[in-house]
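*Asks:* Protein chains in written order, with our numbering: chain A, 1 to 141; chain B, 1 to 141; chain C, 1 to 141; chain D, 1 to 141.
One should not assume that every hint holds.
It does not matter which identical chain is used: a pair holds within one copy or between any two.
In silico BS3-like links for lysine-lysine, alpha-carbon gap of 25 Å or less [to be verified]: (1) Lys103 x Lys31; (2) Lys115 x Lys31; (3) Lys103 x Lys132; (4) Lys140 x Lys28; (5) Lys134 x Lys31; (6) Lys115 x Lys2.
Read the hints as simulated data drawn from the structure, not as lab findings.
4 protein chains.
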Amino acid sequence: MKQDIYNAIHARVATEPFADTMGLKLIKVDKGYSLVEMQLTHEMENIHGMAHGGAIFSLIDEAFEIASNSHGTMAVALNMNITYIAAPRIGDCLRAEATEMSKTTRTATYSITVKDNEDNLIAACQAVVYRKNKLLPFLKV
Amino acid sequence: MKQDIYNAIHARVATEPFADTMGLKLIKVDKGYSLVEMQLTHEMENIHGMAHGGAIFSLIDEAFEIASNSHGTMAVALNMNITYIAAPRIGDCLRAEATEMSKTTRTATYSITVKDNEDNLIAACQAVVYRKNKLLPFLKV
Amino acid sequence: MKQDIYNAIHARVATEPFADTMGLKLIKVDKGYSLVEMQLTHEMENIHGMAHGGAIFSLIDEAFEIASNSHGTMAVALNMNITYIAAPRIGDCLRAEATEMSKTTRTATYSITVKDNEDNLIAACQAVVYRKNKLLPFLKV
Amino acid sequence: MKQDIYNAIHARVATEPFADTMGLKLIKVDKGYSLVEMQLTHEMENIHGMAHGGAIFSLIDEAFEIASNSHGTMAVALNMNITYIAAPRIGDCLRAEATEMSKTTRTATYSITVKDNEDNLIAACQAVVYRKNKLLPFLKV
Numbered sequence: 001m002k003q004d005i006y007n008a009i010h011a012r013v014a015t016e017p018f019a020d021t022m023g024l025k026l027i028k029v030d031k032g033y034s035l036v037e038m039q040l041t042h043e044m045e046n047i048h049g050m051a052h053g054g055a056i057f058s059l060i061d062e063a064f065e066i067a068s069n070s071h072g073t074m075a076v077a078l079n080m081n082i083t084y085i086a087a088p089r090i091g092d093c094l095r096a097e098a099t100e101m102s103k104t105t106r107t108a109t110y111s112i113t114v115k116d117n118e119d120n121l122i123a124a125c126q127a128v129v130y131r132k133n134k135l136l137p138f139l140k141v
Numbered sequence: 001m002k003q004d005i006y007n008a009i010h011a012r013v014a015t016e017p018f019a020d021t022m023g024l025k026l027i028k029v030d031k032g033y034s035l036v037e038m039q040l041t042h043e044m045e046n047i048h049g050m051a052h053g054g055a056i057f058s059l060i061d062e063a064f065e066i067a068s069n070s071h072g073t074m075a076v077a078l079n080m081n082i083t084y085i086a087a088p089r090i091g092d093c094l095r096a097e098a099t100e101m102s103k104t105t106r107t108a109t110y111s112i113t114v115k116d117n118e119d120n121l122i123a124a125c126q127a128v129v130y131r132k133n134k135l136l137p138f139l140k141v
Numbered sequence: 001m002k003q004d005i006y007n008a009i010h011a012r013v014a015t016e017p018f019a020d021t022m023g024l025k026l027i028k029v030d031k032g033y034s035l036v037e038m039q040l041t042h043e044m045e046n047i048h049g050m051a052h053g054g055a056i057f058s059l060i061d062e063a064f065e066i067a068s069n070s071h072g073t074m075a076v077a078l079n080m081n082i083t084y085i086a087a088p089r090i091g092d093c094l095r096a097e098a099t100e101m102s103k104t105t106r107t108a109t110y111s112i113t114v115k116d117n118e119d120n121l122i123a124a125c126q127a128v129v130y131r132k133n134k135l136l137p138f139l140k141v
Numbered sequence: 001m002k003q004d005i006y007n008a009i010h011a012r013v014a015t016e017p018f019a020d021t022m023g024l025k026l027i028k029v030d031k032g033y034s035l036v037e038m039q040l041t042h043e044m045e046n047i048h049g050m051a052h053g054g055a056i057f058s059l060i061d062e063a064f065e066i067a068s069n070s071h072g073t074m075a076v077a078l079n080m081n082i083t084y085i086a087a088p089r090i091g092d093c094l095r096a097e098a099t100e101m102s103k104t105t106r107t108a109t110y111s112i113t114v115k116d117n118e119d120n121l122i123a124a125c126q127a128v129v130y131r132k133n134k135l136l137p138f139l140k141v
């Protein structure tokens, strides 16, 4: 049952347009949890030649989206708070890991961290969703 | 003098790799201020077929980056807090406007809002930079 | 009708235990809006002899609580993001002003600023409530 | 040496005016860490008869202040992001635990959680300080 949800999410992310644009790869989804990877490319450089905050955030948001939808019902982002801790190197493969801190009928809270190849903490995020009473539309019934 | 900084930022953003990837267009830069546009495309859709949070945030981050670097010295993002208010339509052209709330020698605070074609508020962001005592490297001396 | 709500909130805040503890004074409540004052006293000093962040935040939270409950139905705080901009002086009277950025059936967003006697910006806050479908229990029907 | 710092902080908090006002008790301070307790009293009730957000935040801020000053140099709060997860009961003793997520010469990041008597998560906070190159003034040399 849960495995069906996780399989459906894996399949959906594999064809998600923005995941394709950014090279986001879903490694693992579990109950209130996800692990996502992204390679930092030259296309993601900002005006200082460093990784653009939007690229790092996109990775975080993907992990958050997957973890918060892992219960099989739709969750929509309300608020995200990101703290940038270290500047990653272009070329590195970043990993975002999302874990659930709390969940009620209507809202849920997540902690998401981003680390580089050498396990350095790059960014930390705390995020809240509003949970809809509605099954994920792409689940086969 | 200030105009030289603004011209240099315009030129730099025009060749910024991530701005090109995301279709980010700098409309105006001024002292502690910027206005940036982005067209929401199908490539930016998430697993629900809506605009990915990472895409909306990328637009916000670009406006923030430009406003905070508009004083001619390097500013690096420390913290960003985004609240999602309404879901924009794919195809819409979004505008992010960044204004400076405060500035000291070491830190500065910005308010960034995102609106759609019809002036609906899509997202609101409050963000802090650490200001380095270092000229923007791409300014011609 | 609206004036009845505002009067009821004024009366309720006048007997609110924490407002009494902290010396919080409601100056004005309007639709999605409030203005609250607090005198910084020596009792609010932290280990550095400066105003404790908890005292400044209490003022912000009071303004937020009142503005978000001003529609006559219960609102509960979900997330608050505060940026400290300048250190106020003990003895100063601080004013917090809360304005509504957005409101839907279920959530609403507020911007709250704190200023000192001389109109210097002390802190800025962005905050989100969950709106219950329930009248304020202290409204007389 | 470190123990001297921790002893000085314990002594300072014991005479901190706001800690006295709010009944904040420092249980433990360690490197980048602190544990603080506070009893929720009727004086902390808001207009709904629940614990005021300002009271819960004061506890969090105290834990944050102590953990970020535990290195022996002054740290000042830049940004705090709090998510309220559950409403605690008046009468409960709340515990806030602050842990350090990152630290550089100039900034450091903390995660602070608040739990009640029964270990329920009440609130979660992510916070950033600016670190001054200045010894804690109340350390005896």
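*Asks:* Now tell me, hint by hint, if it's right for this structure.
*Replies:* Okay, the hints, checked on the actual structure:
1. Lys103 x Lys31: within (11 Å within a copy, 31 Å between copies)
2. Lys115 x Lys31: Close inside one copy (21 Å) and across copies (23 Å); limit 25 Å.
3. Lys103 x Lys132: both (12 Å within a copy, 17 Å between copies)
4. Lys140 x Lys28: Intra 20 Å, inter 47 Å, cutoff 25 Å: intra-copy only.
5. Lys134 x Lys31: within (17 Å within a copy, 32 Å between copies)
6. Lys115 x Lys2: The answer is neither: 28 Å in one copy and 30 Å across copies each exceed 25 Å.
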